[in-house]
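There are 2 protein chains.
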Amino acid sequence: MTAFTYALAQLNPVVGDLEGNFSLIEKTFHNISEKTSILVFSESITTGYPADDLILNHHFIDTLMNKINAFVKETKSSNKLILLPTPWRENDKIFNCVLCISQGDIKHIIYKHRLPNDGIFDEKRVFTHGELPDVFDYNGTKLGIMICEDMWHTDAAKHLQEQGADILIVPNGSPYQTDIYKRRMVEAKARVSETILPLIYVNQVGGQDEVVFDGQSFVMNAQSEVICQLPAFEENITNFSFEESAEITLNLSKTEEIYKGVTLGLQDYARKNGFKGVLIGLSGGIDSALSAAIAVDALGAENVHCVMMPSPYTSQESLDDAQACADALGVKLDNISIEEAMKAYGNMLAPHIDKNNAGTTFENIQSRARGVILMALSNATGKMVLSTGNKSEMAVGYATLYGDMCGGFNALKDLYKMQVYALSEWRNKQGMVIPENIIDKAPSAELKPDQTDQDSLPPYDVLDTILESLIELNLSPEEIIEQNSYDKDTVYRVWRLLDLAEYKRKQAPPGVKITPKAFGRDRRYPITNHFKTTG
Amino acid sequence: MTAFTYALAQLNPVVGDLEGNFSLIEKTFHNISEKTSILVFSESITTGYPADDLILNHHFIDTLMNKINAFVKETKSSNKLILLPTPWRENDKIFNCVLCISQGDIKHIIYKHRLPNDGIFDEKRVFTHGELPDVFDYNGTKLGIMICEDMWHTDAAKHLQEQGADILIVPNGSPYQTDIYKRRMVEAKARVSETILPLIYVNQVGGQDEVVFDGQSFVMNAQSEVICQLPAFEENITNFSFEESAEITLNLSKTEEIYKGVTLGLQDYARKNGFKGVLIGLSGGIDSALSAAIAVDALGAENVHCVMMPSPYTSQESLDDAQACADALGVKLDNISIEEAMKAYGNMLAPHIDKNNAGTTFENIQSRARGVILMALSNATGKMVLSTGNKSEMAVGYATLYGDMCGGFNALKDLYKMQVYALSEWRNKQGMVIPENIIDKAPSAELKPDQTDQDSLPPYDVLDTILESLIELNLSPEEIIEQNSYDKDTVYRVWRLLDLAEYKRKQAPPGVKITPKAFGRDRRYPITNHFKTTG
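In order, the protein sequences belong to chains R and L.
Just so you know, we're using our numbering here: the first sequence kicks off at 1 and counts up by one.
Just so you know, we're using our numbering here: the second sequence kicks off at 1 and counts up by one.
Check the hints yourself; a few may be wrong.
What the hints assert, rightly or not - Simulated crosslink set (DSSO-like; lysine-lysine; CA at most 27 angstroms straight-line): (1) L:Lys355 <-> R:Lys276; (2) R:Lys504 <-> R:Lys517; (3) R:Lys355 <-> L:Lys276; (4) R:Lys343 <-> L:Lys448; (5) R:Lys532 <-> L:Lys93; (6) R:Lys93 <-> R:Lys73; (7) R:Lys448 <-> L:Lys355.
I should point out that these hints are in silico values taken from the structure, not numbers from a laboratory.
The shape of chain R in the complex, shown without the other chains:
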């Protein structure tokens, strides 16, 4: 095997941005060091990943093919090998490929064999699968290249080994979720120990709508040891050769990893969609406080505009906590009472609704009046509203459509309430920004006097365990009752609430996937769904 120097390019492309992504590719190609022999990009670096139905758009693919051809020509005078992962059209079919480009030519093409079509993935919808990848002989070294999902099964690596591969190289678009690093390691080690070949893993980094990519590209030697690792949630280009020792970035703690993931997810959503800052309704509660902290870390305090919108039910404690939080974060805090809007709606609706027999109607009006104020400030300033409901609330429908659910993005969307507490505590250890009282007090929506969340919901640790069992572990109510000896009515009620709130979630803002099974494209439940059992 030749003593190559590999450049691992862990980059943050933008979906659809052919212009920008090819600039990034060209800049990387022109700036890598002289000694680099092989430049490896992440999956679909040309289009960004996942591009979804853009791949079915002929105009897009025509433009892509022209861009690829122009880039290939540009490599004419170079001896380096570029492994360029990209969608690629042949005979009107679109494949998910790696082009092996050198000296102005495409020398070899690798086709993705297994197209993931579960979880957040829809690759069978847009791509045609190829045969198992063949090795590419480059200056006497047999490169065994396979794409992402193909590393998660035995056949591609085995096929490459049988063809005499000297090394496995895997470009990836592998989105973050809490257990993903461990799962990747299990698969990589399995392929390495099956083939006794070293493995180079290059992953995308950055946020794209409902997913964030963590990077954490690595090199594993034939003894299954990680001998090089790139950082999490940062762009990085690292030169690596098996002859020299390399940097191994240490893994983050689980909580830090999640915090960095949601922060980058928000940062990229705002940046890639042209928002200069965000607007947050700061209530004095923990969800909006943590959201504001994340927003400050993602966008800078000067780009975070908080608004306290008290009603007559808002306590002095909440006003004080919101102010203390804004002070600690160094963000602007406006105070806009919603009382006048509440009165106006009260008058307008008086002839039509019996106020004493209206259920949650007037509670929801408070939440919606706040939504209108935030959206007006958003329209007037160009800042994006950040909604702040957590996964536990979104699961059981403890949120008001067009009220606190207003927003362009929700950083907490896929965090259970207990994770919100854990992240808040972790963030405070890096510098106190969320007043202790916000963490310690009983959570309340403050939509009527002396209300707390636990008036209508089980304690959050119980609620979260039931929800995780239903959503992440796919357990039945009876299995949950058996495992936790919870009250039967509580478990069945939570299940029922979970299904009933599907219509709200369908209209919720996006937020990044953190758990194994996020609401959104990862979990596709019908709204109209009469499945229920009573045990």
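Got chain R; can you put chain L on it based on the hints?
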């Protein structure tokens, strides 16, 4: 071939409703006539279709398998054959099957071979595909059964013919779209002429979230003639034998077909989700007028509650038109001025927003104030808000998030503006309900003085042609300019607006698919999407 009598059961199951669907199956089985030999249901009659990720829920499949077993036992004393299409688990894999049930036994199982995974379909996500179906010999007749998508390719029919099939029987879950009947006929005729076998086609009927099934089940003889056809958009059980002539329900006109499709889609969404009626903001414009007409036809005038919510920009003409429309439809019309809410927000925001330099901020507030009123009435009455934006508006983002986009459902979601006009005119021919002036006047959002839609949009016939070319025909801007000699800037601007509005559509209420490419699960575009070319 034995002279069987077939019962074609074109029914309307509810997704997830194992209890209710099995009751329907049992009732049908017990009530069919003595002479019926073979009872054919539509695809996935047990679970409703599409059940999406419910299929991945073990608890759901466990319950389903128990229900199937109980039903099979119930057939013990019957000589009839029941073709029961259902999801079916074997060795932890879920298949999309037809069970051939008789005398208390499952005599034969057909597995769906081709799983559709394009458009609205996600079957590769939830099902494992089976081998090509084998014929089932029933009392000396070889039944060639295949499921839905398997009729759209040559291999299954050919395989069945080679095995000596006497007849092709196809259970379907084929959703409505404007060209679907013609396309089904092309495929059915092709299979019949390839095999010279008669074909029985049984389709689901009814609405399920974003799709509506049209039924229109039929029988084709070996000469490719339709010799029996069931009605569109109605439940129907028809006994058919090749020895007797049968009823052929005539096809509806295209416009009537669309009208009936959206009406049933709304009716079933409301019914299956437990809403007794709907609330509509009646503006005096054509979209809300047509929505109200559809709602009256779907739910009855007594279940449609309209609200006119004038602002100072609302013309007397609009007030008169809304009243005339409500009178013609016989629905309740409340009048709630939004002026007080506008003033309240004006005061609340005065210290924060420069009113003279606020763009569309205060226009959006009007729309959102109306949304709050409708949602309050919804909370207080249990009626569902019907939003009324058409596909042309949703395409270019000519709608206010959390304002006129508030709603549980949108009957017009997949109708272009020109289709809205056509449906209004068709509906008036059945009985005048939409005053002519509403159809004739220039469309306006009335959010500022003397505003019309065409101040900011091209004429709707031009806009619709550009949009249909981009969305339904997948043409590039250059192709559109070439074919229609439209102004280049207009075409590129519409394309840009289409992509920019993706974030709004992601939070829009559901509505039924009518066109070949509906917004929603049928067209999965990223929000973050930088693809643009300038020609």
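So, going through the hints one by one against the coordinates:
no., hint, verdict
1, L:Lys355 <-> R:Lys276, "holds, 21 angstroms"
2, R:Lys504 <-> R:Lys517, "holds, 18 angstroms"
3, R:Lys355 <-> L:Lys276, "holds, 21 angstroms"
4, R:Lys343 <-> L:Lys448, "holds, 25 angstroms"
5, R:Lys532 <-> L:Lys93, "holds, 22 angstroms"
6, R:Lys93 <-> R:Lys73, "holds, 23 angstroms"
7, R:Lys448 <-> L:Lys355, "violated, 32 angstroms"
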